[in-house]
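Based on these hints, arrange chains B and C on the given structure of chain A.
Top to bottom, those sequences are chains A, B and C. In this text, residue positions in the first sequence follow the numbering used here: the first is 1, and each later residue adds one. In this text, residue positions in the second sequence follow the numbering used here: the first is 1001, and each later residue adds one. In this text, residue positions in the third sequence follow the numbering used here: the first is 2001, and each later residue adds one.
Hints were generated in silico from the structure; no laboratory data involved. We treat Cβ as the ideally placed atom computed from N, Cα and C, and that holds for glycine. A portion of the hints provided could be inaccurate.
Simulated crosslink set (DSBU-like; lysine-lysine; CA at most 35 Å straight-line) [claimed, not checked]:
hint, chain 1, residue 1, chain 2, residue 2
1, B, Lys1458, A, Lys29
2, B, Lys1443, B, Lys1103
3, A, Lys312, A, Lys385
4, A, Lys29, B, Lys1103
5, A, Lys581, A, Lys312
6, A, Lys199, B, Lys1103
7, B, Lys1443, A, Lys312
8, A, Lys581, B, Lys1443
9, A, Lys29, A, Lys385
10, A, Lys385, A, Lys581
11, A, Lys312, A, Lys163
12, B, Lys1443, A, Lys25
13, A, Lys163, B, Lys1443
14, C, Lys2026, A, Lys633
15, A, Lys610, B, Lys1513
16, A, Lys25, B, Lys1458
17, A, Lys163, A, Lys610
18, A, Lys385, A, Lys163
19, A, Lys163, B, Lys1458
20, B, Lys1420, A, Lys610
21, A, Lys163, A, Lys581
Residues of chain C placed beyond 10 Å of chain A at every Cβ, according to the derived structure [to be verified]:
hint, residue
22, Ile2017
23, Leu2029
24, Glu2036
25, Leu2044
26, Thr2045
27, Phe2061
28, Ala2062
29, Leu2064
30, Ala2069
31, Ala2070
32, Ile2079
33, Arg2088
34, Leu2095
Here are the in silico distance ranges between beta carbons for each label pair [stated by the list, open to error]:
hint, chain 1, residue 1, chain 2, residue 2, range
35, B, Ser1483, A, Lys29, 38 to 48 Å
36, A, Lys581, B, Val1155, 28 to 38 Å
37, A, Leu629, B, Tyr1209, 22 to 32 Å
38, B, Pro1448, A, Ser513, 55 to 65 Å
39, B, Ser1483, A, Phe616, 52 to 62 Å
40, A, Glu591, B, Pro1448, 21 to 31 Å
Here's the letter readout for the chains.
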Amino acid sequence: MEEFPLHYIPLLPLAGAAFCLLFGKRVGKTITTAVALCSVFGSGLLVASAVRLLHESPVPLTDTFFSATWISAGDLQLSAGLTLDRLSSVLCMIVTGIGFLIHVYASGYMAHDEGYTRFFGYLNLFMGAMLILVLGDSMPVTFVGWEGVGLCSYLLIGFWYDKEANANAGRKAFVVNRIGDFGFLLAMAYLFSLTGTLKYAELPSHLQTLGQTAWWGLPAAFFFGILVLVGATGKSAQIPLYVWLPDAMAGPTPVSALIHAATMVTAGVYVCVRLHVAFEIFPLTLAIIAIIGALTALFAATIGVLQRDFKKVLAYSTVSQLGFMFVGVGSAINTPTSVTSNYQGAIFHLMTHAFFKAGLFLGAGSVMHALSGEGDITRMGGLRKHLPHTHATFLLCCLAIAGIIPLSGFWSKDAILGGAHAAMWLPKGTGGAEVFFAHHLGLILYLILLATAACTAFYMFRLYFLAFWGEFRGTDEELHHIHESPASMTGVLWVLAIGAVGVGFLGIPDVVSSGGNHFGEWLLPVVREQAAEESAREFWTLAVIALGASAAGIGLAAALYLHGFSDQVRAMAAAFPSVYKFVYNKYYIDEFYNAVIVQPLRWISLGLWKVVDSFFIDGTVRLVGGLTLVVGKVVRYAQTGDVHHYVAGMLAGAALVFGLSVQLGGCHGYKFAEAASVATPRLQRMPRREHVTPDNVPLLPAVPGNGLIR
Amino acid sequence: MILPLITFLPLVGALLLMLIPREEESILRGTALFFTLATFVISLGLLPDFDGANFSHVIDWTWIEALGVHFHLGVDGISLWLVLLTTFLMPIVLFSTGTSITKKVREFAIAMLVLESGMIGTFLALDLFVFYVFWEIMLIPMYFIIGIWGGDRRVYASIKFVLYTMVGSLLMLVAIIYIYVRHHDASNTWTFDYFTLSRVVLSTREQMYCFLAFGLAFAIKVPLFPFHTWLPDAHVEAPTAGSVILAAVLLKFGTYGLLRFAMPFFPRAMVEMAPYLAIASVIGIVYGSLVAFAQTDIKKMIAYSSVAHLGFVVLGLSMWNAKAIDGAVYQMLAHGISTGGLFLAIGVIYERRHTRRLEEFGGLMAVMPRYTAVFMIITLASVGLPGLSGFVGEFLVLVGTFGAYKTWPHGGPIFYAHPKILAVVAATGVILSAVYMLYLFQKMFFGPLSNPRNRGLKDLSNRELAVFAPMLLMAFWLGLYPSTFLSAIDPAVRRTIAEFQHKVMIKVPEGEKARLMPEGGGPEPVKHKEELDDKF
Amino acid sequence: MIPVENFLVLAAVLFCIGGLGVVLRKNVLIILMSVELMLNAANLTLLAFARAHHDQHAHAFAFLVIAVAAAEAAVGLSIVVGIFRTRRTVQVDELTLMKH
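Same shape as in the complex, but just chain A (with noise of 0.2 Å):
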């Protein structure tokens, strides 16, 4: 274990969300400016120098500034540790790159905005949040870091706080984050009571704990890597819980790009791949993950086809690609010796990603930031001649998501389309109906994704044509105000588009080019490759096979909007009108979650109020308090206010005491009518007391003990 000051790479962006929060508004847009951008390029250099000596030996940096007890209690000790191992480097890259890269072009895109200091802020907060949970060494940071980037994300897109929308989208995410926090909290709670430790460096030596029988035949890890899932289909907008992510662009397009594409989204991916080891123990629990991730991927990307809003088809792009990688997560090969998985390839998707869906995003913020803020792709068109920059760096990214060779995205999304293609859940030979299933749905997932995959490609491309080729479809004064963005937004394009176009050549399979695979051979001290045996032969027939799914999408795509909305689409839109309408309206989604949890929600909470807790509880109480006032006021006759019944009623009342205790044979077991009978006798037994001499007895005995009570 080597050590190095990690605690900065955290803390120097959250020094400078304190600083620009704290002072921005007096300091001015400048100092704010540069405070903001050096605090995350300073981390970034940290992290190259941490990089750098991870370069050399794979050896796990830690870093002991934290490591006194956080938390102490019983049997529980945690630690706030640091710890960078080259997985959490590559997210830390990604953060601090893309990161620095996106506050470049917010100095440019958010330049006129009244809240900059304030957005700064939280956007170096939200820098410093993610990467503390990037580099926790434990569950319990990686929670802190956890949560702290759903704060931000909600602050992020409630950014324009004076419109209702943009909060309600703003608390619809960070509700709906929470529900995966809920997972993630029982799922360290669980962790621990059957491990005892929540560090993930200790994980694999709790193996046989976790691969226990818990309930109904299924090991422990099944449970607890379902409640994980559960964290992480909350965090990264997958099935069910994806309804945040649309309505989450409400934000300033840099957070969308930032946030909501590059970094936040994919740490449930990441904690995925993090606690791989306890997911291995069970290979079923991974198929889950695989059959999560497909099906959002298809469902999301079914979506997008028919959005109008720039931004929108984004974000669906977003969800599908999310789903891309927990197939990546979830492809597992099971031999009767081991459980591989493609995480390698999952990781290598996210960082290209990273990479062209912020230079998307990007580029639909140079859009909108050109169209003063018009987000609707039926109001543009021929932008291509007023926004070269934004078109060409759009185009490249454009190519990249599609999977074209030799970018990016081919490299990335060919390694998962292989990975679940070879995926195998059960180890081969093991028969039974079950296992049938288990061999074949590598096959199903592989289909499901060749079918988005031109899908992807079809409503990139259908963004592409309707906003850059064709007519201008706005009014003439907004013509005459298009112009391309300023030199540090272009700037920042340009860097994003090289890197979507070369990040993919990092990691070109071994059987293409011998020791390509850099990505893969630097992930490989942290998660094994998956054990596929594939041939260069194979593997340039799946890539054909994708590549032509992708020319097939963006062939369709330039055939129906080349030209803005060709009458064909019209037509088709015309000829199916209540399919149509289904899939814009996104399947009616928020609307049933709407109808089936928020509202029946609210009524229960209305109902619990107004008759549980207001006529149940609260009328016992009453009532009991008004049959007090009811007897008062009937015993209340009984008060006649002369003195003669009170001192009457004080008698009777006193003969009856003394009735009764003589009837009762007393208290404390004195017979009165005992004591009457024997005080004569008694008389004569005892002897006068004058007559005993003083010095001898006292004429007052003393009273034994400290008072009456005794």
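What follows is chains B and C alone, placed relative to chain A:
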């Protein structure tokens, strides 16, 4: 000597205030503030050379010899932070009332000081008689604070508060006297001493009755579902200062009492009743959150959220392991800071607008950015965001509950009360708290500034900011560096559990005299619930 | 020597007379005097037993009762005077303020 000093210094202050003419309002306020501040500073003296596991700074004076009453005070890791919370909040609250309380300033200050004495005394008492006396003393000033300086329905609310509390505390008095007499039967000495009486072992049935009597008093104070309906009324009608103290400190007496008295005195009953306590607290978590969501009055919303938060505390206490109980004690502190802060914050807006109706607000962020930031941080502390006060307690309670014993004892247990299921249901409170708190936050601060009466609102003054600054500091401290607090809480909790585990093994047949557990522990302690079931 | 029973009977008779006086008479002054009579009946009982048991404690009680009686007479009479000043009557059946 420090303990009687901090207990009676506020009372001395109250006496002094009686000598100052009622017209001298600024002198009155200053004097009261001075005494609370002095109490706080002196109470900080508890921290050095503090022995976490055992009682420190103990004083033991004979008070009423004939009855065996000793004026016996002591502080351990459980009560330490609660005492400090009290002394910490008191000056803040008094300072914040500078503009909100204008009628009968002298009486108000006196009531607050007497209340402080009562609260500190209750936390410190190691003699059941003294405990009961302080417990009742603190009721009286609170009654006046709600009843005189409260809102429109203040009389109703204050009477409800007092009657509710009295019902429980009278039963508790009966139970105290019962155990006092039973101890005399067994040992032939009269004493109310905490340590002596905590070694008395009653038969299981007697324990059940006494536990119910104690438990009712504490459950009402907590307040545990379904004994909570006094709380919304009391909170809504109380003035800001009253609400803050009520939420931040008074509610803790219920859970503190369960941990300090009910659990160690009646361990068998505690084991039998734990499932029911746990179920009630989990219902309270979900129910309180849901009902809070339906509220339109801001204060009522926070009041119901207290029901949910305190549900976590009782859940932790009923789980009988160090993590959960540590978490419960921690949650008490965190709730004191976050909910106290929320009530203070609501007081600020109430002073400006004289309404607490949620629909009156909206878009306040545009005119009150400082206030928004403060409110946001406290809100996040309340919903348990890691890094702020609320998280650690909830986390520990959940981890402790999830890892609690596999089954409940036979007889009481029902399937639904499996600790893991309880933990899952309780964890939904994490979601629900975000639902209602963010709803509240959005309705107040986001959206358009549509109500014209909100346009001219002034942001927090520096004076008000000074009120909130220490609260925010504590919210961050509790969230970021829990070791400060847990290092004192944990040893005391472990000691309590160890004694509990010794004592629960002693069984006294029905109808026999109570037994006295030998000093330094009884039979071999049990670690797991299953062992216990085997032995009985 | 006079047996203790004689004292007791006398005390009982005095007590009953006092009690009847309190219940039946309407003048506050006479009621007060009747109360005194009852107190003295109690005193007599105490002293009778003290004599019978050769125990001096009861004497202390008797003195206490006398002192209380004196105090009561003082307070009671001043209340009566107060009432008479405001209400111009000392007839108890006309003093029924407590009913309202």
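Now the hints, each set against the structure:
For the hint linking Lys1458(B) to Lys29(A), the alpha-carbon distance of about 25 Å falls within 35 Å, and the restraint holds. A threshold of 35 Å between alpha carbons decides the hint, and for Lys1443(B) with Lys1103(B) the separation of about 32 Å falls inside it, so the pair holds. A distance of roughly 24 Å separates the Cα atoms of Lys312(A) and Lys385(A); the hinted pair therefore holds under the 35 Å criterion. Taking the CA atoms of Lys29(A) and Lys1103(B), the gap is near 47 Å; set against the 35 Å cutoff, the hint is violated.
For the hint linking Lys581(A) to Lys312(A), the alpha-carbon distance of about 16 Å falls within 35 Å, and the restraint holds. Our distance criterion of 35 Å between C-alpha atoms is broken by Lys199(A) and Lys1103(B), whose separation comes to about 58 Å. Restraint check for Lys1443(B) and Lys312(A): the C-alpha separation of about 26 Å stays at or below 35 Å, so the hint holds. About 33 Å separates the Cα atoms of Lys581(A) and Lys1443(B), which keeps this hinted pair within 35 Å; it holds.
At roughly 33 Å between alpha-carbon atoms, Lys29(A) and Lys385(A) fall within 35 Å of each other, so this suggested pair holds. Distance hint between Lys385(A) and Lys581(A) is fulfilled; the C-alpha atoms sit about 33 Å from each other, no more than 35 Å. Restraint check: the Cα-Cα separation between Lys312(A) and Lys163(A) comes to about 18 Å, which is no more than 35 Å; the hinted pair holds. Restraint check for Lys1443(B) and Lys25(A): satisfied, since their Cα atoms lie roughly 26 Å apart, inside the 35 Å limit.
For the hint pairing Lys163(A) with Lys1443(B), the CA-to-CA distance comes to about 12 Å; that is within 35 Å, so the pair holds. For the proposed pair Lys2026(C) and Lys633(A), the alpha carbon gap of about 28 Å is at most 35 Å, so the pair holds. For the proposed pair Lys610(A) and Lys1513(B), the alpha carbon gap of about 49 Å is over 35 Å, so the pair is violated. Under the criterion of a C-alpha separation no larger than 35 Å, the hint pairing Lys25(A) with Lys1458(B) is consistent with the structure, at around 18 Å.
With a C-alpha separation of about 31 Å, the suggested pairing of Lys163(A) with Lys610(A) holds against the 35 Å cut-off. Under the criterion of a C-alpha separation no larger than 35 Å, the hint pairing Lys385(A) with Lys163(A) is consistent with the structure, at around 34 Å. Proposed proximity of Lys163(A) and Lys1458(B) is supported: the alpha carbons are some 22 Å apart, at most 35 Å. Under the criterion of a C-alpha separation no larger than 35 Å, the hint pairing Lys1420(B) with Lys610(A) is consistent with the structure, at around 31 Å.
For the hint linking Lys163(A) to Lys581(A), the alpha-carbon distance of about 27 Å falls within 35 Å, and the restraint holds. At roughly 13 Å, the least C-beta separation between Ile2017(C) and chain A is larger than 10 Å, which holds for a residue marked as non-interface. With a closest Cβ-Cβ approach of about 13 Å to chain A, Leu2029(C) is found to remain outside the 10 Å limit, as its non-interface label requires. Annotated as non-interface, Glu2036(C) keeps its C-beta farther than 10 Å from every C-beta of chain A; the closest such distance is 15 Å.
Every beta carbon of chain A lies more than 10 Å from that of Leu2044(C), the smallest distance being close to 16 Å; the non-interface claim holds. For Thr2045(C), the non-interface assignment is confirmed: its Cβ lies about 13 Å from the closest Cβ of chain A, beyond the 10 Å cut-off. For Phe2061(C), the non-interface assignment is confirmed: its Cβ lies about 13 Å from the closest Cβ of chain A, beyond the 10 Å cut-off. At the 10 Å boundary, the C-beta of Ala2062(C) stays outside the reach of chain A, the nearest C-beta of that chain being 15 Å off.
No beta-carbon of chain A is positioned within 10 Å of the beta-carbon of Leu2064(C); the least distance is around 15 Å. For Ala2069(C), the requirement that its beta carbon stay farther than 10 Å from each beta carbon of chain A is met, with the minimum near 17 Å. With 10 Å as the threshold on Cβ separation, the claim that Ala2070(C) sits away from chain A holds: the shortest Cβ distance comes to roughly 21 Å. The beta carbon of Ile2079(C) sits about 12 Å from the closest Cβ of chain A, which is more than 10 Å, so the claim that it is off the interface holds.
Non-interface call for Arg2088(C) relative to chain A: holds, since the shortest CB-CB distance, roughly 18 Å, exceeds 10 Å. Against the 10 Å criterion, Leu2095(C) falls within the reach of chain A, whose nearest CB is about 7 Å from its own CB. Distance hint check: the CB atoms of Ser1483(B) and Lys29(A) are about 40 Å apart, consistent with the given range 38 to 48 Å. Hint check: Lys581(A) to Val1155(B), Cβ distance near 59 Å, so the stated range 28 to 38 Å is violated.
Evaluation of the 22 to 32 Å hint for Leu629(A) and Tyr1209(B) yields a pass: the beta carbon distance comes to about 30 Å. With their beta carbons about 59 Å apart, Pro1448(B) and Ser513(A) fall inside the hinted range of 55 to 65 Å. Between Ser1483(B) and Phe616(A), the C-beta spacing of about 45 Å breaks the proposed range 52 to 62 Å. Checking the proposed 21 to 31 Å range against Glu591(A) and Pro1448(B) shows it holds: the Cβ atoms sit about 25 Å from each other.
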